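Participant: So the chains spell out like this:
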Amino acid sequence: MIVSRGIHLGWLLRRNALALATLVAYDVAITFAYVWLHWHWLAIPMLPLPLLGSAIALILTIRNNAAYARWWEARTLWGAILNNSRNFARGVLTQIDDAALGRRLIRCQIAYALALRCHLLRQSSAEVLAQYLPPDLAETCGRAANVPMAIQIAMGRDLAAARSDGKLDTVTVANLDRTLAAVVDAQGGLERIKNTPLPRQYSALPLVFSGAYCVVLPLGLVKALALATPLGSALIGFMFLILNEVGDDLEDPFSNDMHDVPMKAITRTLEIDLLQSIGVTDVPPPITPQNGILP
Amino acid sequence: MIVSRGIHLGWLLRRNALALATLVAYDVAITFAYVWLHWHWLAIPMLPLPLLGSAIALILTIRNNAAYARWWEARTLWGAILNNSRNFARGVLTQIDDAALGRRLIRCQIAYALALRCHLLRQSSAEVLAQYLPPDLAETCGRAANVPMAIQIAMGRDLAAARSDGKLDTVTVANLDRTLAAVVDAQGGLERIKNTPLPRQYSALPLVFSGAYCVVLPLGLVKALALATPLGSALIGFMFLILNEVGDDLEDPFSNDMHDVPMKAITRTLEIDLLQSIGVTDVPPPITPQNGILP
Amino acid sequence: MIVSRGIHLGWLLRRNALALATLVAYDVAITFAYVWLHWHWLAIPMLPLPLLGSAIALILTIRNNAAYARWWEARTLWGAILNNSRNFARGVLTQIDDAALGRRLIRCQIAYALALRCHLLRQSSAEVLAQYLPPDLAETCGRAANVPMAIQIAMGRDLAAARSDGKLDTVTVANLDRTLAAVVDAQGGLERIKNTPLPRQYSALPLVFSGAYCVVLPLGLVKALALATPLGSALIGFMFLILNEVGDDLEDPFSNDMHDVPMKAITRTLEIDLLQSIGVTDVPPPITPQNGILP
Amino acid sequence: MIVSRGIHLGWLLRRNALALATLVAYDVAITFAYVWLHWHWLAIPMLPLPLLGSAIALILTIRNNAAYARWWEARTLWGAILNNSRNFARGVLTQIDDAALGRRLIRCQIAYALALRCHLLRQSSAEVLAQYLPPDLAETCGRAANVPMAIQIAMGRDLAAARSDGKLDTVTVANLDRTLAAVVDAQGGLERIKNTPLPRQYSALPLVFSGAYCVVLPLGLVKALALATPLGSALIGFMFLILNEVGDDLEDPFSNDMHDVPMKAITRTLEIDLLQSIGVTDVPPPITPQNGILP
Amino acid sequence: MIVSRGIHLGWLLRRNALALATLVAYDVAITFAYVWLHWHWLAIPMLPLPLLGSAIALILTIRNNAAYARWWEARTLWGAILNNSRNFARGVLTQIDDAALGRRLIRCQIAYALALRCHLLRQSSAEVLAQYLPPDLAETCGRAANVPMAIQIAMGRDLAAARSDGKLDTVTVANLDRTLAAVVDAQGGLERIKNTPLPRQYSALPLVFSGAYCVVLPLGLVKALALATPLGSALIGFMFLILNEVGDDLEDPFSNDMHDVPMKAITRTLEIDLLQSIGVTDVPPPITPQNGILP
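Residue numbers (UniProt numbering), protein chains in the order written: chain A, 1 to 295; chain B, 1 to 295; chain C, 1 to 295; chain D, 1 to 295; chain E, 1 to 295.
Quick caveat, the hints were computed from the structure, so don't treat them as lab data.
Values in this document were obtained by computation on a predicted structure and should not be read as measured data.
Do not rely on the hints blindly, as some may be mistaken.
It does not matter which identical chain is meant; a pair holds if it fits inside one copy or across any two.
[What the hints assert, rightly or not] Listed next, the in silico SDA-like pairs over lysine to any residue satisfying Cα-Cα at most 25 Å (straight line):
#: 1; residue 1: K264; residue 2: R103
#: 2; residue 1: K223; residue 2: L20
#: 3; residue 1: K264; residue 2: F254
#: 4; residue 1: K194; residue 2: P285
#: 5; residue 1: K223; residue 2: N256
#: 6; residue 1: K264; residue 2: P135
#: 7; residue 1: K223; residue 2: V3
#: 8; residue 1: K264; residue 2: L231
#: 9; residue 1: K194; residue 2: P284
#: 10; residue 1: K223; residue 2: E127
In isolation and in its complexed conformation, chain A is listed as follows (with noise of 0.2 Å):
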């Protein structure tokens, strides 16, 4: 996630330079032939342009806004993650008198925020698990298709056996497992968003649009504007095609880029609150954002 308030043109420009070099280049090519080359058949100055130009706003509103909707539900979802961690690991610290069940349990949550943010992005868990899971679980549970589910399932297990060794009450547990609950719900919200694409002709349109309206907008104007075609058309379609990208950035919000939701930060912040709630002091540091990018 950019944190960085340096977004500037210079900023825009830079990144989009190939764009936009091929833009004004094209827009020169016909601003030249027309004007130079004399070829006036190229002119085509009554063409709709502000129609063409309503039906890609509409297809851009839409799925920009239908974007960034899914990415602050993502962003919304990990603080669900985040926040029922902290319920659970308070309820285990109030509730549960076996002290090493219930550093064994925070320690699980910690391992599962952890292993679900590599399960989005599709990376391996091994190190996670080895670092916070005893090994017979690590090696377990890094077998499964889905590892932070398998890592909630053997939590499940082990409450099962506190309550049938009597160590914990029913509404201890249904409390706690109300807790579990909510983290699953969000943790399928959060598939639901990986699995499921913006549907394609959404992402697709309207880059389709504003390239196709980037071919004509020269034509039209060329009569018009003359030498100051290039100056013109540029401006216009390259507005067009940046909020395109705009959209492009936050419609996959796990997709290992810059753009991403800052799961990093999120969860070494679970991670840190979790330790400390258990007596460690030896934490590892905050995120920080590096170069204005918080990873």
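Based on these hints, arrange chains B, C, D and E on the given structure of chain A.
Facilitator: Using the frame of chain A, we list chains B, C, D and E on its own:
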């Protein structure tokens, strides 16, 4: 659901070849009649096309937003069924000591989800019932009008019997019952989307308006664009027709076509997860996209 | 609710014949006066029609979005009543041992839903009360101002009596009571939609604005379009009038017309499901669409 | 709340007579100066009015959507208070055996709702407290800054005392307490809407922009429209002013004017329902609209 | 938060004097160069300004809607903290018999809310901790990275100790714990809004686009408007810059400026309510607006 990133201009052109050809043929005919036959009365150059365009944009925006909302709600509700099935399985495994009863309930829940998919597609679910339910129950439930609901009621009876027999205490039954109620809620939402189409006016008007627009568009443009009329006219008309089609594709998410919510993949995930949770190792493989379509 | 896919241009023209005829007659009159009578002062060619059009589009968008949201919320709330009635029936059947009491409660719930439909349509519910309630209860509830609420209170009393008699434990009563509370919440939402119309300004302005627009439209177009004025003018005016009508149709979902939420079909589904759940086999048939309308 | 369907052009004209007269007078003055006094420097024919119009449309859309959302949320929250009061009454009647305590609690709840209305309108609630509370409680609560909250706390104390005396068990108290908490949540939402106006910029800008627009509109149109300027200019300006006013009317739903949420009618419904539930037959009549306004 | 109704044209002009002056100076310079210096190459009269305007309107709408949604969600979450604190206080007073423990918990909850405000503003909360917490707890909590969270955990420990000592039964602890969990959820939401800025592209693009627009606007208008250029150009440019600023003001609701959610007033209300509920009479006065700003 289309998951391939390969939707590009060519794909769109191929898929809409007929509509596009009709459109171009009509535009060419108008141009021909105007330029070569000199039927100048055809041209209505001052036609207020932007006004027409804004009326169409208005209805298309409302319709496409509503269609996407329906599609995404359907996906979210299937996610809720998946989540709550997992929660139900975890609850059964950790709170019921009678392993045979647990297995039976979890197999019922698998049958439920598979039968729900068939129910929404108006297909027979005999096969899945035979696979996962005891013969007598498959027989009884298969005759019900609402097969998944009948399976739910049978599960409720099992729970009640277990409570009467003293195998389960009241709190556990209440907990499991709440999870089943959440599943019923999600099913109710899915049936609502299935049985309540988008108001037919919203569904039909964009096509009527876009069609009317495509008919008058070349009449309004032909005097100004002359030979370029088919280009300008078909480009704009095509955009509006495609936008209409995108809404059309999404507005009914259970119509057994390639734009459906990927119910087969979701139910298979659920099947694998729940089978593995009761120790079955010989599970069916996950569904993968074929030709870019995830069924 | 219209379910037929047969809404097409012809249907729209037939249904709005009068409005369209008035519109065309007016446009023809203006054209006649301008072209043959040479009343040139009628034409105001520079009238800023797009500005007018955008003001109308703005109010139409807000109104139609709000109207559709009301309609869909009404449908969702009826879905909640259906879901929670099923949940209530399942709870009653699996948690109450006194079969006669269970049957009585479930018949009450059927009467409740049927009476709620009558209540929203401001119709008498005497018939449904007589069919599903014991005579004395039908008598008492029928006199209440809010018949469905009276049935709910009677059901609450039955539950309380069963608890006092020791037939039900506290947890079960609390569970069933929560389901009934969810039903009351949904009823409250339905009454809110029924009793609180869309703010009258939102409801009335689109018609006032569209009407004013249709009046000035031919004045602005007649100089440019001449004999084609009725075509262009009626087409645009007709679009705005239809868009207004779509919002009008949906904004009151319980007005006893063909655009209503299909309450009859929903309550019949509920009736069948709940009767079958208590072993009644002689159930009424499901409601099917007639002439494309599902009542 | 306006419930009359009689909002038509005449009503709108009458209600906005002053604004309209000012607008027309200004437009006529500009026209007069241009046409008769030949102050041709007044006309700025190429003024980019559509650009101005789209900026105004943008801010009006955002504002009016937000204002309507506030109004509808306020109505929904009052609905929640009505629902939960009914649920509370049903819970009290079916779960509390001490009839005197039940009556007292239900009368407190009536006083609460009536006092909440006074609280939101910043009116004294002394009268309703005297009517429904025991004198000493009316005295104590009447002195509190937040009268309805004080009544709630008194009800909580009654419940706690009943629990201490062994009249109520823990589960029942928890159930009733949850209903009261839902009422407090709704009150919190209502106070939020009351105390947090729409951001003043959103509230003020539409008027500033619309006013500026109305000032420059005739300057831009007078050269083209000449004597028809007041018609075109006043029509457009009037539309924008009315749209602004609609948002203004709805943005504060508790301002003691005719656009308010109909709190008097809602609280009266609650009063009647709850009085009847404790067997009072001499209830006040329902509130009916007067001159099309439901207070 | 601005509560004064005195936002009018003068206020806006004063507040944006610099931007407006720059804009006017630039527009005058262009006009001067064109009209007196006859630099006619400056004018690009056919520049498609409406196309540019619609791209800017699109991005501004999305941004301003999202910014307002963030602001209103922040306000709603603070409302949830206020509500649940009151619910917690009512629960403590009516369900805990140990008055000293009750007072201590309620004072902790006050400290929590005040510390949360400091936490969101990145200010020290030492003062409020000293005022409301016992010295040792103030010391411990003050050292935590997340001060309000540390207070919550301390409260959880108090409840757990009371349960171990037999002062509270399980159901009561579960009830109070659920209220605290709702508070934690709201805090999580507030931290999400604080730590996750609006995607920087949405935040930065409106300014970049509006700026570019203001630069080319006089070039496009100067030929047509001549001496009136600064008027038309500055009016439109100013509108877009103000719209951009409105979004900017709202997008970060905890930035310690006059557009913030009024956290000081909300926490003071909470402080007064909770202090009065434990019988403290010497409470601080409510916060009132100063110069139309409620802090």
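Participant: Any hints this thing doesn't respect? Which numbers, in order?
Facilitator: Violated hints: 5, 7, 8 and 10; rest satisfied.
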